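Visitor: Here is how the chains run, residue by residue.
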Amino acid sequence: MDPVALTPVSSMRAFLRLALFGIAVLFPSGYAKAQNASIAISVKDHRFQPAQISGPANRPLSIRVRNLDSTAMEFESVSLRVEKVIAAGSEGVVNVRALAPGRYEFFDDFHQETRGTLVVE
Amino acid sequence: MVSHSRCAAKRRCAFFAALSAAILVSPLAARAQDADAFHEVETKYIFGSFTFGSSTGIEGEKAFEPETKANFGKGGGHYGVGQTVLEYEYTPTQYMQIELGPSVSFYNIGGVPGLDDRNLATLNGFEAEFRSVLIDRNPSPIAVTLAVEPEFHSRDETSGAKVVNYGLEIKLEADAELIKNRLYWGFNLLYEPETTRADFGVWERESTFGVSSALALQIIPNVMIGLDLWYLRHYDGAAFNSFTGDAVYLGPTFYWKIAPKVLMSAAWEAQVAGHEPGVSSALDLTDFSHHRASLLLEFEF
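Going line by line, the protein sequences match chains A and B.
According to the numbering used here, the stretch in the first sequence is residues 29 to 149, in order.
According to the numbering used here, the stretch in the second sequence is residues 192 to 492, in order.
Next up, chain A with everything else stripped away, as it sits in the complex (with noise of 0.2 Å):
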């Protein structure tokens, strides 16, 4: 049997401490509090109206997105690092970030093979 006793209070306190100073070195400053632009897309019979979207560079985004079908989806892009389940018949609102411009890809989670793309220039 080995000799140290372990204190698990003093050992949590002192990971806490650890796990604190992370959050303080890593939590960004704040987002840039700008005008969102907003762009509308509709999605029915599983394809994305339009396939393209297009927004301004340097600006965060509102994506409106109305679900016209009789199933869920969900709203995803991997590049947008956004992603957001729409009821069947209704609309949600995914907030995006300011983006560079260029082409960002999106698609539906729950069908693999409904997706879009925005420009963003």
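Only true hints are included.
DSS-like, lysine-lysine: derived pairs with alpha carbons at most 25 Å apart:
| # | chain 1 | residue 1 | chain 2 | residue 2 |
| --- | --- | --- | --- | --- |
| 1 | B | Lys452 | A | Lys112 |
| 2 | B | Lys448 | A | Lys112 |
| 3 | B | Lys452 | B | Lys371 |
| 4 | B | Lys353 | B | Lys260 |
| 5 | B | Lys253 | B | Lys448 |
| 6 | B | Lys253 | B | Lys452 |
| 7 | B | Lys452 | A | Lys72 |
| 8 | A | Lys72 | A | Lys112 |
| 9 | B | Lys371 | B | Lys448 |
| 10 | B | Lys448 | B | Lys260 |
| 11 | A | Lys112 | B | Lys253 |
| 12 | B | Lys452 | B | Lys260 |
For the record, the hints were derived by calculation from the structure and aren't laboratory data.
These numbers come from a predicted model, not from an experiment.
Once you've looked at the hints, dock chain B against the given chain A.
Guide: Same frame as chain A, but now just chain B:
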């Protein structure tokens, strides 16, 4: 004995050189395939789970991730040690990801010089990880994420002896897309200071420095194979005070997005070169193991 190890190391190098050549050449043939079948991927686990990609996940995403890392082979006898972290992963913003979870360790050690025999499975501490985007991929061709991982363990990760151990793993995790949606390069830089109280109540500090380079190729949609190369240096003291040994690990990686909300990532690496001051061996089997492996599953919910 030494020359036999060197021959084995050369054979392994030849195998991995052939594998890396295959990975580098196959995209040329693959270009002819239907490009529409391949879509962008989250890069965090595509290089196995020794080297990490820069992705920090999707805002609001929650996942359960059992992640196992195992080490095999020391100087003699039989040695197999593993640790499974049962992680809860959450992405609160588009810039940051948090992971928390307890760890469970497994020890199967017998006849290894310098280590007590041990057969044990035990709850062994708690780990957290905070990851934050430093550089986004677009417009930069390289994306970089900073990861800070505080750890507490109640068992020594090598021997299984009872200890009080705190570590802080700090990593820069970078990647670049070499061929759109097909071929990725990953790069990690590691600094991990640790402090451990074992017998006699004395705190001992140590630190590890590491650098890695990895390639991952999406061979068919949602399946990637790759190669991971790590160079690790171990020191006594928290700030690289006294060098105790180094090792080069090389091995294949595998990534499979099994379903939209389920993935697996695996790696197997062998120590192909190493050095321990004062020891005439082609490997450092005191500070590092001969082989190491990782297996991660992710269940998003």
